[in-house]
Amino acid sequence: MSLTDQNKTNKGFFSSLGEHQGTDDFLRGLWRDNPVFVQVLGMCPSLAVSNSAMNALAMGLATTFVLAMSNVLISMLRNFIPKEVRIASYILIIATFVSMVDYTIQAVSVDLHKSLGAFIALIVVNCIILSRAEAFASKNTVGRSLMDGLGMGLGFMFALFCIGSIREIIGSGTFLGMQVMPDAFEKWVIMVLPAGGFFTLACLLLIFNHFKLKKSKT
Amino acid sequence: MTIFINACLINNFVLSFFLGICPFLGVSGKVETASKMGAAVTFVMVISSVCAYGINVLLAAINAPFLQLISYIVVIASTVQLVEMFVKKASPALFKALGIFLPLITTNCAVLAIALLQTSKGYDLLQSVTFALGGGSGFTLALVLMAGLREQLDFSEISGIAKGTALVLLVGGILSLSFMGFAGVGG
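Taken in sequence, the protein lines are chains A and B. Quick note: the first sequence uses our numbering, first residue 1, plus one each step. Quick note: the second sequence uses our numbering, first residue 219, plus one each step.
Chain A on its own, in the form it takes in the complex (with noise of 0.2 Å):
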């Protein structure tokens, strides 16, 4: 599937459903506050395991789970949990579903554990998690947390999908293990290399910056 067809999939997914509260709270994450390209969040990983498509998927669903668990852990806890601690419960909470998603693809898949190396435990300290407890799941209920946390991880899957696709096509000819790029084509190394990681992100952002300010002048 390419970009394009990714880009529709979405479009079709969001006329085909209505606009009361839960999917509100789960489209607002999927586009119009999408974590990556909006709110510029979780940069770290965004840039780290995306080298290719696959890294990439694996990372999404990871955080997504990560992030959709603790919302709703976080909603039924927030009258229980006192002001004072409540970063540090959060972080502790978290840190819980990250050791849980940690083992089960060492256990899983040994070869993909070792690609996305230290980053699964690191998403422990991804800001998107603790920006939407702090900013979400405290203040809401447990369904539109669940929903709210579903939204966001899966916009950030969309985001990391996007960079993780450019830069495997272009840097090493291939998506999704398979080549899509004919042999003469010249790879360009230098995408899947550290520097490559942040030009890509570079352009993606000048082109949702560039959305943003042709919206507002209409």
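Check before you lean on any hint, since a few could be wrong.
Which bits of chain B does chain A cover? Going by a derived footprint, with three or more residues having C-beta under 8 Å, they are [as the list claims (entries may be wrong)]:
id, region
1, 245 to 252
2, 331 to 339
3, 383 to 393
Example chain A residues on the side facing chain B (calculated, C-beta under 8 Å, incomplete) [stated by the list, open to error]:
id, residue
4, 177
5, 181
6, 184
Chain A stretches covered by chain B per the calculated footprint, using a threshold of three residues with CB under 8 Å from any CB of chain B [as the list claims (entries may be wrong)]:
id, region
7, 44 to 50
8, 90 to 100
9, 151 to 160
10, 190 to 202
11, 205 to 217
Hints in this document: simulated from the structure, not taken from any laboratory. We treat Cβ as the ideally placed atom computed from N, Cα and C, and that holds for glycine.
Chain B: place on chain A using the hints.
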């Protein structure tokens, strides 16, 4: 020494491991704030590195490695709290300048990464501290370099769409390219 150079220049935490990008983008507006932020982060790194070493020995003794992540993050959070109280007392102006990014050192991935990497590489105590120092100074170096560049950029005219994060990321990419030149220095 090799570990220090390695962590500081060749595998610079910000520019080649993408750790601590949030403060890198957020507090790199002025050289002065950037260098103090770097110092605070380095301090937290060294303390938490020592604590992490102790915790690791303890957890290995009681055979509970699954508690690793949770105990590391608690140590880091309390160290940050300590630094925050100290800065507030010692220099209220700096406290204001760093703003939200001071408590956010807790969620600076570079700090946690130091603790995790030293464990997975099996460093002893001295090596761990060197590693933390190197990582911290690398972080400070990147932050100060970026702040210097951004101060200069303020004087130039930039088109509307490139303002803000996108431009900083582009500059970061070029910095990252130039840091690749250090490969092979430490051997």
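The hints, checked one at a time:
With 0 residues carrying a beta carbon less than 8 Å from a beta carbon of chain A, the region 245 to 252 of chain B misses the three-residue requirement, and the given coverage is violated. Coverage of the region 331 to 339 of chain B by chain A holds. Counting CB-CB distances below 8 Å, 4 residues qualify, and the rule asks for three or more. Judged by the Cβ-Cβ criterion of 8 Å, the region 383 to 393 of chain B is covered by chain A as claimed, because 8 of its residues qualify and three suffice. The beta carbon of residue 177 of chain A is not positioned within 8 Å of any beta carbon in chain B (closest approach about 23 Å), and the interface hint is therefore violated.
For residue 181 of chain A, the interface hint is violated, since its Cβ never comes within 8 Å of a Cβ in chain B; the closest pair sits about 23 Å apart. Because the closest C-beta pair between residue 184 of chain A and chain B is about 26 Å apart, greater than 8 Å, the hint is violated. With 4 residues carrying a beta carbon less than 8 Å from a beta carbon of chain B, the region 44 to 50 of chain A meets the three-residue requirement, and the given coverage holds. Counting residues of the region 90 to 100 of chain A whose CB lies closer than 8 Å to any CB of chain B gives 6, which reaches the minimum of 3, so the coverage claim holds.
Only residues whose C-beta sits within less than 8 Å of a C-beta in chain B count toward coverage, and the region 151 to 160 of chain A has 0 of them, not enough to reach three; the restraint is violated. Taking a C-beta to C-beta cut-off of 8 Å, the region 190 to 202 of chain A contributes 10 residues in contact with chain B, enough for the three needed, and the coverage statement holds. Only residues whose C-beta sits within less than 8 Å of a C-beta in chain B count toward coverage, and the region 205 to 217 of chain A has 5 of them, enough to reach three; the restraint holds.
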